[in-house]
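Enquirer: Please arrange chain F on chain U, whose structure you already have, making use of the hints.
In order, the protein sequences belong to chains U and F. Under my numbering, the letters of the first sequence match residues 1 to 184, in that order. Under my numbering, the letters of the second sequence match residues 1 to 120, in that order.
Hints were generated in silico from the structure; no laboratory data involved. Take the hints with a grain of salt, since some may be wrong.
[Unchecked claim] Lysine-lysine pairs mimicking BS3-like chemistry, simulated, CA-CA at most 25 Å apart: (1) Lys150(U) to Lys2(F); (2) Lys99(F) to Lys147(U); (3) Lys59(F) to Lys150(U); (4) Lys59(F) to Lys75(F).
[What the hints assert, rightly or not] Just the calculated beta-carbon pair ranges, DEER-fashion: (5) Leu4(F) to Asp108(U): 36 to 44 Å; (6) Asp57(U) to Ser106(F): 29 to 37 Å; (7) Gly69(F) to Pro111(U): 20 to 28 Å; (8) Glu116(F) to Pro111(U): 27 to 35 Å; (9) Gln17(F) to Pro111(U): 34 to 42 Å; (10) Thr89(U) to Glu88(F): 44 to 52 Å; (11) Asn179(U) to Ala16(F): 35 to 43 Å.
Think of the CB as a built atom: it goes at the ideal place given N, C-alpha and C, for glycine as much as any other residue.
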Amino acid sequence: MTELALNILDISNNSLRAGATEVIIEICADTKADTLSIKITDNGKGMSLEFLKTVTDPFATTRKTRRVGMGLPLIKMEAEMAGGSFDITSEVGKGTSVTTVFGLTHVDRPPLGDVAETIAVLIGAPEETEYVLVYSVDGEEYRFDTKEIKEVLDGVDIRSTEIIVFLTQMIRENINKINGGKIL
Amino acid sequence: MKSLEELQAIRDRVKAQINNREAMDGSDIRVIVGMATCGIAAGARPVLTTFMEEVEAKKLSNVKVGQTGCIGLCKFEPIVEVLVPGQEKVTYVNVDPNKAREIVQSHILNGKPVVEYMYK
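Bound-form chain U, shown alone:
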């Protein structure tokens, strides 16, 4: 993947296929600790411990389930190449949480990329899923929540093209405001 926002899109698609009704995406940069962490948490059906052990091995994937494939091994490899780490926890019936940490200034860290576009594509997916995005740099935070947007929309479909295009611009503007517009 050329940008981490694409990995976020890809991993979140796992959550959709696991029947999640809410996906929380937390992107947090800490310049002192020199880390960029990305955490994706869902309330989908979760995985057994047995299955969890195999999810980062692309060749252990059972095609019958089609729940995972190359997505998790890819982001794990990218994190480890950038001086970071990968962790996944899951509980059957409760959900799954994927945490990746990258060296913020590590030369092999892919750029974060267009997070707003990733959220737009997720909102446009056919599933009725709520998304929370938390974007923070050294404690300065922007929070986006589709539940709040839906309150304003008063029954109008959030997937209307006009609304998605507007929300993309809104998220992008807010993210760019954080950290003095410095791109992660």
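Expert: Coordinates of chain F only, in the frame set by chain U:
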């Protein structure tokens, strides 16, 4: 800065459009972009958002932009299917944002599929 007040105005506009169009369902043109790992890695996300932006900019209220998973031809990703009611489905391969704009202009607006981008 985009605000929630602005969103309210858009909501009211979309609501009005929906009321006007209620009788026309089934006549929608559908654009479907493959968004599995293979598609995303090949650049499907900007293709999908380009289609959405074009549809919005050109006010094509009869065009619905949707997503699907892996279409099964991973090396031809990004793959886009265009379905015009009453016509055979057209599958475009190796699409990028520029090709997407051309497909909107030629195929969706002028009714002429872009043969050179089609799957052969």
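Enquirer: Checking against the hints above, which ones are violated?
Expert: 2, 4, 6
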